[in-house]
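For this one, chain H is given, so just place chain S on it according to the hints.
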Amino acid sequence: MNTTNHALVVRDLKKKYPKVEALKGVDLTLPQGEIWGLLGPNGSGKSTLLKCIIGLVNPDGGEIEILGSAPSRQTKAQIAFVPEVENLYRWMTIRQAIDFTATFYDDWDEARVPGLLQFMGLDATKKVSSLSKGMRARLKLILALARKAPLILLDEPFSGIDPASRDRIVEGIVRQFKSEEQTMVISTHAVGDTEQLFDAVVFLDEGTINLQGNAEDLRRQYGKSINDLFKEVFA
Amino acid sequence: MNIDFSTSIPIYLQIIEEFKRQIVTSALKPGDKVPSQRDLAAQIKVNANTVQRAYREMEILGLVETLRGQGTFICQNQGIVEETRKEMLTNLVDDFVRAVRALGLSQEATLDVVKNRFSELESKEEVNDK
Chain H
-5 MNTTNHALVV RDLKKKYPKV EALKGVDLTL PQGEIWGLLG PNGSGKSTLL
45 KCIIGLVNPD GGEIEILGSA PSRQTKAQIA FVPEVENLYR WMTIRQAIDF
95 TATFYDDWDE ARVPGLLQFM GLDATKKVSS LSKGMRARLK LILALARKAP
145 LILLDEPFSG IDPASRDRIV EGIVRQFKSE EQTMVISTHA VGDTEQLFDA
195 VVFLDEGTIN LQGNAEDLRR QYGKSINDLF KEVFA
Chain S
54 MNIDFSTSIP IYLQIIEEFK RQIVTSALKP GDKVPSQRDL AAQIKVNANT
104 VQRAYREMEI LGLVETLRGQ GTFICQNQGI VEETRKEMLT NLVDDFVRAV
154 RALGLSQEAT LDVVKNRFSE LESKEEVNDK
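Residue numbers (this note's numbering), protein chains in the order written: chain H, -5 to 229; chain S, 54 to 183.
Honestly, the hints are just simulated from the structure, not real lab data.
Please read these numbers as outputs of a predicted model, since none were measured by experiment.
All residues carry an ideal CB built from backbone N, CA and C; glycine is no exception.
Watch out, some of these pointers could steer you wrong.
[As the list claims (entries may be wrong)] Capping the alpha-carbon separation at 16 Å, the derived lysine to aspartate or glutamate pairs in EDC-like fashion look like this:
(1) S/K98 x S/D57
(2) H/K172 x S/D92
(3) S/K98 x H/D6
[Stated by the list, open to error] Not close to chain S: a few residues of chain H, all C-beta gaps over 12 Å, as computed:
(4) I48
(5) P77
(6) S126
(7) A138
(8) K142
(9) V185
(10) A194
So that you can see chain H by itself, here it is in the shape it has in the complex:
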């Protein structure tokens, strides 16, 4: 199978932790240029799947192909990953956090930074420690969107943040996402107010995919919003 025009292919991916089977054989094929919603409640395996893709977790079985290649240092450099956990040094200013992150990546595009800061309503001289959770989430998104990475993975970017920040992040993604050269996976359990972002969705339930497809096709097929489908599947 020729998979070079796919951003990501996952085959029969398995991961077992001492107390829980996080992934029980996951299969996924993501075409380039789409935004995918990885949907499921807490503990469904979303983070484990993303961490397997970026290489922070070693799977126990299965295969991953990123932009046509097996995971390596090269593929890792092509992925912009925004973890759910706080990864910013609180003593830094926003400017310092940006400069610090920029040093790690060859694909950093400094020209994007001023516009992103302005759009997100962030003052670069402010300290990270002075920011609200929503403002920190905005900053984390800037750090991902300032890279020309072909694959962007956002782990729970809307979790526990204010509605204004959520709306800014949704709009920021819509404005910045370049479907000609990028693919994005967004994991979330907050499907309301974000579902219009997704080209396609995957429902992950206790390590197993139980529904996936084009979001518009699913709406038509079930006569329901993705949010209502989500509630029904995970009720």
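Then chain S, alone, in the frame of chain H:
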């Protein structure tokens, strides 16, 4: 353009419906420029691929045309206003007729009520306008 989504209907179809509504009410006239796909996507906070699908469909339907380097415009064809109006009205009436028939009501009884309601609602609106 402001779209209030009921997301049980595919979003690209709702975008097309909104354009049709604006064409019928003359909020958009033949020849008018419409927002670029990216601008509309940002404005209504919808995935740009979804907006692209709506625009592509509207081109096929002959509602809009994209001129290279200039943008997207409502088609100059004056007939589209009348056609769109007819189509939207037919759809509304079809839904109504099906609902009425499902209740087992006759055409004659229904049409009388429709006429009466038209004049009653119109006079009510006139009162409200004053």
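Evaluated hints:
Distance hint between S/K98 and S/D57 is fulfilled; the C-alpha atoms sit about 11 Å from each other, no more than 16 Å. With a C-alpha separation of about 13 Å, the suggested pair H/K172 and S/D92 falls inside the 16 Å cut-off, and the hint holds. At roughly 34 Å between alpha-carbon atoms, S/K98 and H/D6 are farther apart than 16 Å, so this suggested pair is violated. For H/I48, the shortest C-beta to C-beta distance to chain S comes to about 23 Å, beyond the 12 Å cut-off, and the non-interface label holds.
No Cβ of chain S comes within 12 Å of the Cβ of H/P77; the nearest lies about 23 Å off, and the non-interface call holds. No beta-carbon of chain S comes within 12 Å of the beta-carbon of H/S126; the shortest separation is about 21 Å. With a closest Cβ-Cβ approach of about 17 Å to chain S, H/A138 is found to remain outside the 12 Å limit, as its non-interface label requires. Non-interface status of H/K142 relative to chain S is upheld: no Cβ of that chain comes within 12 Å, the nearest being about 17 Å off.
With 12 Å as the threshold on Cβ separation, the claim that H/V185 sits away from chain S is violated: the shortest Cβ distance comes to roughly 10 Å. Against chain S, the non-interface label of H/A194 is violated: not every CB pair exceeds 12 Å, the least being about 10 Å.
In terms of the numbered hints stated before, the structure departs from hints 3, 9 and 10, listed from lowest to highest.
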